[in-house]
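From just these sequences and the hints, can you work out the full model?
Number of protein chains: 2
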Amino acid sequence: MLYGPGDVRFEERPDPAILEPTDAIIRLTATCVCGSDLWPYRGIDRSDQPMPMGHEYCGIVEEVGSAVRLVRPGQFVVGSFFASDNTCPICKGGYQSRCVDARPIGAEGAQAPYLRVPLADGTLVATREVPPDDMIPGLLATSDVLGTGWFAADAAEVKPGKTVVVVGDGAVGLLGVLSARQMGAERIIMMSRHEDRQRLARTFGATDIVTERGDEGVACIKEMTDGLGAHSVIEAVGTQESMMQAVRSTRPGGHVGYVGVSHGVALPGLELFFSGVHLHGGPAPVRRYLPHLMELVLSGAIDPGAVFDLTLPLDQVAEGYRAMDERRAIKTLLRP
Amino acid sequence: MLYGPGDVRFEERPDPAILEPTDAIIRLTATCVCGSDLWPYRGIDRSDQPMPMGHEYCGIVEEVGSAVRLVRPGQFVVGSFFASDNTCPICKGGYQSRCVDARPIGAEGAQAPYLRVPLADGTLVATREVPPDDMIPGLLATSDVLGTGWFAADAAEVKPGKTVVVVGDGAVGLLGVLSARQMGAERIIMMSRHEDRQRLARTFGATDIVTERGDEGVACIKEMTDGLGAHSVIEAVGTQESMMQAVRSTRPGGHVGYVGVSHGVALPGLELFFSGVHLHGGPAPVRRYLPHLMELVLSGAIDPGAVFDLTLPLDQVAEGYRAMDERRAIKTLLRP
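First to last, the sequence lines map onto chains A and B.
Be aware that the first sequence starts at 1, since it is given in my numbering, and climbs by one per residue.
Be aware that the second sequence starts at 1, since it is given in my numbering, and climbs by one per residue.
It is worth saying that the hints were derived from the structure and are not from the lab.
Hints are not guaranteed to be accurate.
Intra- or inter-copy, both count: the list cannot distinguish identical chains.
Stated by the list, open to error - Subject to a maximum C-alpha distance of 25 Å in a straight line, what follows is the list of computed DSS-like cross-link-like pairs (lysine-lysine):
no.: 1; residue 1: K92; residue 2: K222
no.: 2; residue 1: K92; residue 2: K162
no.: 3; residue 1: K162; residue 2: K222
no.: 4; residue 1: K92; residue 2: K159
no.: 5; residue 1: K222; residue 2: K159
As the structure is a prediction and not an experimental result, all values here were calculated from the model.
So, in structure tokens, the structure goes:
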């Protein structure tokens, strides 16, 4: 529970129960702290009352409501951070995070031993078997951080042969690198000034590192791309500076995929107009990608779990936030 | 020449001459006044000195520079409002209006009997024969107003079966309707409160008219689309209100194609983020579409020249601007 800026507390709460016939209750195998959890933790997003936290999860189905058909108790499942019916026209169009009946998992609070997942049939994807423990970090990552990095790369139209820039070296940006590599990018330029993150970016497939930011960073990208800018740019921060850095690093006709939750951003219309870029982003429709991403993890093709460089028991959740806030950890995995 | 707000003058100027070996000189068969010419005419875009005006043109090649290979004197040609080399990576990617060597035709002033066109080989498209006079308005339209409406529909990913909204009932918006029809849209909703423009929109293929604007207009669109919004929205105005009307009329995952030159627009990042729309636009890469659009006109498949509801001799250019400014005319064709 978040009581205020910097004040996360582990406390006993009532176990969730089935409220609607389409609900499922999950016993979480693992959960984690998201970069976006740091906005309220830092007091940039405010709340008047204590908030349950967390929206990334995987685990074993404990119980399902009477209308649930596609998942059953005992199955291992992963779900997105937005529950969705997966049947409405928006879901069918691939935008499940904006389902006409979308429900934020954050409101339930996934940093907990048990979680109620609404619209279970539309939201959860089960594995054939309960996976071995070493697969858990990778599978947990598909729930948001990988799904979001993947969406960013997809929104940025990463394709074989393209030059990709990644703005933001948090876990989402790093998995944007992994995603771009999977999609066949020829060159992947990570903008980062942190050595540990640069190393991980190279592991995931980054070919170049740029440490400069803002206008200087843009000038570096232009220099590296014959003055044109990149074909595809992934924005994974959400500030005015990062958005403009992304737009200005993109060549005319190129694509910006932005997934950093916007904070105080106002895009100047005339500059955007003459940039000639494509802009697409928002809350990632993780459900669209889940089956494919879970398969990639289970087959060993990718290891997105490498972004978890700190693992703590759930009752040390406060330290998990602190470590990320102070940039001692890239991403904290929590074991209930 | 524009001397100041509301002050357009017909005056004698020296004929243009070849300045670079890649230039061509065109004797204009027709030119016209663009909606974007009204921004400086109304004093919203300011200039300290008299400006030559006009950037839409078609006519007969009079003379070419020594490096010109693809067009020759005597040919009838149409060109885009940006000259482009059509060989650089940006041009090859289809964004000729943002060519690394792009030159605005507006700086030359196409509301004139003769025009110097830089980068003639990359910019001009010739017909096989000099077309008959009744084809001139349609061919002139391909130079900008149709090319821009077409790009807007393409940027909005108009496809068979889709529902399309058009914000802006000027000539570009009207030809956005025509373009959407050509691209197979199932339903085309024109937002307009002017009866003459509504009529022309229906001629071009609009299936519905919405007279409400702003939030009320958005509510109408939502009601007509099961609460979801349109798949594709064409924005052809360039104001904050029109941009927000376009974004809010689009369903999550849908596409906004915006071509109204932005004036005072600042897009709120968080709203854009949660809208889940694709945003693409800017100065239309007309050169990409010219061969196809000219063919559609010459074959009689489309008649975009219908947007010209006033034709004047060039020396009455001032009246041409006044009529458009006062909305007595949709678009003025000028005959040198």
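Hint check results:
| no. | hint | result |
| --- | --- | --- |
| 1 | K92 to K222 | between (38 Å within a copy, 18 Å between copies) |
| 2 | K92 to K162 | between (29 Å within a copy, 14 Å between copies) |
| 3 | K162 to K222 | within (15 Å within a copy, 38 Å between copies) |
| 4 | K92 to K159 | both (23 Å within a copy, 17 Å between copies) |
| 5 | K222 to K159 | within (20 Å within a copy, 34 Å between copies) |
Of the numbered hints listed earlier, not one is contradicted by the structure.
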